[in-house]
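K.L.:
One line per chain: the protein sequences are B and P, in this order.
Residue numbering for the first sequence is 1 to 177, as defined by this note's numbering.
Residue numbering for the second sequence is 1001 to 1325, as defined by this note's numbering.
All clues given are correct.
Subject to a maximum C-alpha distance of 30 angstroms in a straight line, what follows is the list of computed DSS-like cross-link-like pairs (lysine-lysine):
no., chain 1, residue 1, chain 2, residue 2
1, P, Lys1091, B, Lys86
2, P, Lys1091, B, Lys74
3, B, Lys86, B, Lys74
Derived by calculation from the structure, the hints in this document are not laboratory data.
Small disclaimer: the values here were computed from a predicted structure and weren't measured.
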Amino acid sequence: MRANLIASIVLGLLLHGASASGEVLSAELQVNGLSCPFCAFGIEKKLLDVDGVRDVEVFLDEGRIDLSFQPASKATVADLEEAVAKAGFELAALSLEVSGELLEEGGGRFVAHPALTLRLLEMRDGNAGPASAETIRRLREIEARGGGSVVVAGAVEERGAAEPSLVIQALEASEAR
Amino acid sequence: MRPPALEATLRVGLLVAVGAIVAGCTPAPAPGPKHLTVWGTSGSAPGELRQPIGIAVTPSGTVFVADAGNHRVQAFDADGHFLRAFGARGKEPGEFLRPMDLNLDAQGRLYVAEHGGDRVQVFTQDGEPLRVVRGEGTPAGAFDAAAGVLVSPSGEIFVADFYNDRVVVFREDGAFDRVVGTPGRVLPGRLHYPTDLDWVDGQLVVADAYNNRIQLFTPEGEAVARWGGLLGSGLPGDAPGSFRVATGVAVDSLGRIYVADFENHRIQVFTSAGELLTLFGSQGTKPGEFERPTDLDIGPDGRIYVVDFGNDRVQAFAPLSKEMR
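Turn these sequences into a full structure, and let the hints guide you.
P.N.:
Listed below in structure tokens is the structure:
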């Protein structure tokens, strides 16, 4: 069945140490009602307070916030969510670009990490996800090799769960970058 | 039973009658002032503006603008000609993280409140840093986004502490003295994200921005008056006298209170008792129109300078008639 093709891959992100097996590279946040500069600069301030956030760019009229991270950032999904809440807003959507070591365990693929674990999904609600056929082909290749370093980007779902999901939009082997 | 058409006619007639009574009881506000000039284009070159927010005019007519998007302060003459700029992004003295508001003390020193830097820096008008006021010693231990600053006639420094929902008062030497306002909504004295301050008839005027109202306090902190929304409750609206986020406030030499009504894209002017005198502006990009005005100040000749945030510009208007009181 097509549903059987859903890869339920646990991706742990080792955020301690740039040379280690994973880190958050960038994030895109979507926040509703962000029209006022006092709030926009406030949300910028709160996000800059998150350990490991290097820079924040707020696109006021789009309600979009782009984040970059320092190497070895310890930022987690919960940290970002909390910072947005402290600024008086609710995080509507979150996309991440992360690097990590894709490993296999118990029929799934994962990179173990104590701070943040993302479940990696190819599909969303049983329907085809945003990843292109080429992206899925690359994933299969990496899986066939038994894993390796990857950079993956996508939307984070079930943010409140112990293991939030990341719906793959783009994926490539780290050495390809 | 009345026919539907008659019923509808009666209802319309009743509405018209009620409207006429209400209109008769509420004097129409006077026409707004004449538009004089506009300056600023979006950018980071000298004289250009990016997300300008705060403004202060000196007694000699120099206009200082908090150019928040460029992390700097710029000075212009009264007609908008660029004079100088100082500051860059950073945390060192003389640098800024989102300068938001400006004020001048009796000696002409320029006070700059920083949202991201959680501090107020004091400068000469040439941009030489003199000292820093932080939130140390206050109950919260620090500012959490210093949005507005005011130096009172007696030299006390008032800071609108945005995320702490309070106004913090420091003595002239920078030592913490007291807090004005408590966090909350609706009730007198409660503040929700205050952004700007001024002074009228010996009382503190607070732009209680996200309570959509203006509040007046005694210098000691007793809430004495409020307006905006039903009975000063802060119910947002676009009717004359109501606000949708009241971000900026200024008082002229006659004690008239000017308010930047941010999301209504207009300026409203009141007596010190909160009676509406006039309002002007609407959303747009033409001269005299605004895109989310954030702050305003009054020049020595009564000119009204408005920060037109969303259009990255400053607009100047002619003084209001002295008879409008």
